[in-house]
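Novice: The sequence shown begins at 75 in the working numbering and counts up by one.
Calculated from the structure, these hints are not laboratory results.
Ideal placement from N, C-alpha and C gives every residue a C-beta, glycine not left out.
Just so you know, not all the hints are guaranteed correct.
Stated by the list, open to error - Restraint ranges, calculated between C-beta atoms of paired labels, are given here: (1) F100 to V76: 25 to 33 Å; (2) F110 to S77: 41 to 49 Å; (3) F110 to V76: 23 to 31 Å; (4) N90 to F110: 28 to 36 Å; (5) V76 to F105: 36 to 44 Å.
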Amino acid sequence: MVSIILIFLGESGTYNLLLQSYKKLFINTFFDYNTFCK
Numbered sequence: 075m076v077s078i079i080l081i082f083l084g085e086s087g088t089y090n091l092l093l094q095s096y097k098k099l100f101i102n103t104f105f106d107y108n109t110f111c112k
């Protein structure tokens, strides 16, 4: 478990990129869902 955290800290740049793309994907899907329901 700790090693996974250390790996994430070591790859923080890649992790941040993944996090940002996940946020964008989630936000886009959320807004698409809202406009689709209206």
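Novice: Are the hints correct? Go through all of them and say.
Specialist: Okay, the hints, checked on the actual structure:
{"no.": "1", "hint": "F100 to V76: 25 to 33 Å", "verdict": "holds, 28 Å"}
{"no.": "2", "hint": "F110 to S77: 41 to 49 Å", "verdict": "holds, 42 Å"}
{"no.": "3", "hint": "F110 to V76: 23 to 31 Å", "verdict": "violated, 43 Å"}
{"no.": "4", "hint": "N90 to F110: 28 to 36 Å", "verdict": "holds, 30 Å"}
{"no.": "5", "hint": "V76 to F105: 36 to 44 Å", "verdict": "holds, 38 Å"}
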